[in-house]
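Trainee: So you can see what is in the structure, the chains are spelled out below.
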Amino acid sequence: MSIILDHVNYIYDEDTAMAHAALIDVNLEIPKGQFIGLIGHTGSGKSTLIQHMNGLVKPTSGNVYFDGKDIYDSDFDKKALRAKVGLVFQYPEHQLFEMDCFKDVCFGPRNLGLPQKEVELRAYEALKQVGFDDAYFYQSPFDLSGGQKRRVAIAGVLAMKPEVLILDEPTAGLDPKGREDILNLIAKLHDEMGITVILVSHSMDDVADYVQRIIVMNKGRVFLDGEPKEVFRHYKELEGIGLAAPAVTYVMQELKEAGFDVDTEATTIAEAKNEILKVFGKC
Amino acid sequence: MLRDITLGQYYRTDSAIHRLDPRVKLIATFAFIISLFLVKNLWGYVIAAVFLGSCIYLSNVPVKFMFRGMKTIFFLLIITMIFNLVLTPGEPIVSFWKISITYEGLKLAVLMAIRLVFLITGSSIMTLTTTPNNLTDGLESVLKPLKVVHVPVHEIAMMMSIALRFIPILLEETDKIMKAQMARGADFESGSLLNRAKSLVPLLVPLFISAFRRALDLAMAMEARCYRGGEGRTKMKPLIYRRSDYIAYIVLIIYLVVIIVFGRLLFR
Ligand SMILES: Nc1ncnc2c1ncn2[C@@H]1O[C@H](COP(=O)(O)OP(=O)(O)OP(=O)(O)O)[C@@H](O)[C@H]1O
Ligand SMILES: [Mg+2]
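Going down the list, the protein sequences come from chains L and H. Its first residue numbered 98, the first sequence is counted upward by one per residue in my numbering. Its first residue numbered 2, the second sequence is counted upward by one per residue in my numbering.
Everything labelled a hint here was simulated from the structure, so no lab data went into it. Any given hint might turn out to be false.
Under 8 angstroms between C-beta atoms, here's a sample of chain H residues computed to sit facing chain L [unchecked claim]:
| # | residue |
| --- | --- |
| 1 | Ile178 |
| 2 | Ala181 |
| 3 | Met183 |
Label pairs and their in silico Cβ distance ranges [said to hold, decoys possible]:
| # | chain 1 | residue 1 | chain 2 | residue 2 | range |
| --- | --- | --- | --- | --- | --- |
| 4 | L | Glu277 | H | Arg214 | 51 to 61 angstroms |
| 5 | H | Phe189 | L | His104 | 25 to 35 angstroms |
| 6 | H | Met223 | L | Met196 | 24 to 34 angstroms |
| 7 | H | Met71 | L | Asp122 | 31 to 41 angstroms |
| 8 | L | Ala177 | H | Leu205 | 23 to 33 angstroms |
| 9 | H | Val64 | L | Pro128 | 43 to 53 angstroms |
| 10 | L | Glu289 | H | Arg197 | 36 to 46 angstroms |
| 11 | H | Val150 | L | Tyr235 | 49 to 59 angstroms |
| 12 | H | Arg197 | L | His331 | 42 to 52 angstroms |
Computed from a predicted model, the values in this text were never measured in an experiment. Just so you know, even glycine gets a beta-carbon here, dropped at the ideal spot from N, CA and C.
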């Protein structure tokens with residue numbers, strides 16, 4: 098159930114004066130069940146990268162494998178791949194189109210050719226999973242708030258029961274409460290359903306608390322790839338490419354410099370609190 | 002996929018043609034198109050081809066790029082040729098059932114196809130080498146005399162420039178929406194005609210909503226900057242003819258004289 102990217106390069110507008118290399122020699126393995134954060138500065142190629150994983154964009158050179166099969170083999174079923182690798186785009190406005198939210202969520206499972214009953218059951222389940230209020234089920238998706246729209250968009254992909262869920266900046270444009278709600282929701286989906294999750298974001302603070310692995314992109318290349326602790330150890334380099342480690346990392350670094358014997362590898366607020374209490378002998 | 006449409010697109014590079022005044026390019030394109038319909042013999046087509054070829058060469062636009070846009074009108078070209086082939090009366094070459102291909106039909110079809118290809122190549126040289134803003138500036142300036150008869154020239158030019166400006170934006174948006182729906186299993190490429198038409202709904206609804214939103218935003222932004230039509234409006238970059246523009250006009254006149262003399266008057 099893994100995705101493998103092997104020496105993937107991608108060039109936009111090849112053969113023209115505007116040719117632009119968006120991905121350069123990307124090699125990645127995404128094993129089943131992992132919760133991954135994909136981080137990078139604006140224009141670093143995150144969105145381009147994830148579109149390779151469900152065959153929406155064909156690499157200029159290199160190969161993409163799903164479950165050991167090359168997804169560009171002529172006998173590979175692309176539609177089935179897109180059901181298994183669910184991709185939620187950055188802007189829910191790009192996919193909502195139906196008269197009401199429930200119908201909109203039905204769109205995905207119906208495209209899989211499922212019977213009507215099954216389609217509606219899945220749509221109902223998906224909307225419940227994302228914590229969408231019954232009262233809005235039959236309202237037009239265009240009248241919803243940003244956070245609610247995003248929930249419907251996520252439900253629209255979840256209803257296809259993907260094995261891998263990829264979310265492109267699901268927290269963009271949300272207030273802190275809305276952000277936390279969506280992130281908690283995604284973490285819950287990962288824990289309860291055991292699906293692989295790839296979360297694209299600008300912000301380390303967003304992902305530090307949740308993910309098991311962080312992939313950092315810079316100018317089309319994979320810059321760092323590893324556990325959050327490992328990645329944050331390079332916080333100086335991260336600053337160099339326009340990113341930052343989570344605020345907690347900085348607090349711990351400064352405490353250490355000030356002579357307190359804390360573990361600078363603490364990345365979440367809870368871990369940091371324990372560390373600090375330990376130093377002061379309160380724990 | 003949609004990015005293959007190069008018709009009416011600007012190709013960013015530097016060349017003698019790029020630097021010409023948009024008015025020159027507009028008038029030259031118009032004159033070139035008319036000249037195609039004045040031609041009466043093979044010589045005329047050769048002269049037009051040489052002129053067109055030199056313009057392409059001077060424009061620095063890769064030929065490959067220029068003809069990629071041609072794919073989209075290939076269909077139109079074939080249909081025109083078929084109609085000309087079978088519907089022109091005259092001396093038949095081959096005939097089967099009720100249809101016969103005539104010598105006159107064949108000649109007309111070939112000439113018509115050449116004319117169409119020249120016409121489209123000629124106009125795409127103009128759009129490929131002129132930014133939409135420049136083009137509408139040029140158009141506004143060329144059409145200015147019509148103001149006397151109360152044609153709203155400025156407003157027409159403004160509408161055109163907005164429309165042109167939005168084509169690439171909407172194309173890009175269409176691309177994104179298509180991808181978002183394909184990620185949910187939508188299929189835009191196969192199935193019966195009816196099914197394919199139906200499959201456009203998930204594409205068109207978000208596209209229209211976004212177009213309307215953009216239009217409203219733009220109107221608001223224009224009003225916020227006190228835009229109120231062309232009356233008394235000055236230009237930041239007024240169009241001024243330079244030496245190369247006069248040279249271009251002279252070349253154009255020479256071309257017109259040559260093509261009329263050799264393509265129409267001398268050999269019939
Ligand atoms: N449709 C396109 N045509 C041409 N170039 C593109 C296109 N989409 C993206 N690019 C270019 O490819 C590069 C990578 O873009 P991409 O959208 O993958 O970045 P990103 O990391 O998702 O950025 P963001 O955080 O802003 O969403 C950018 O430099 C961008 O300009
Ligand atoms: Mg992006």
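Trainee: Of the hints given before, which are not true for this structure?
Mentor: Of the numbered hints given earlier, the structure breaks just one, which is hint 4.
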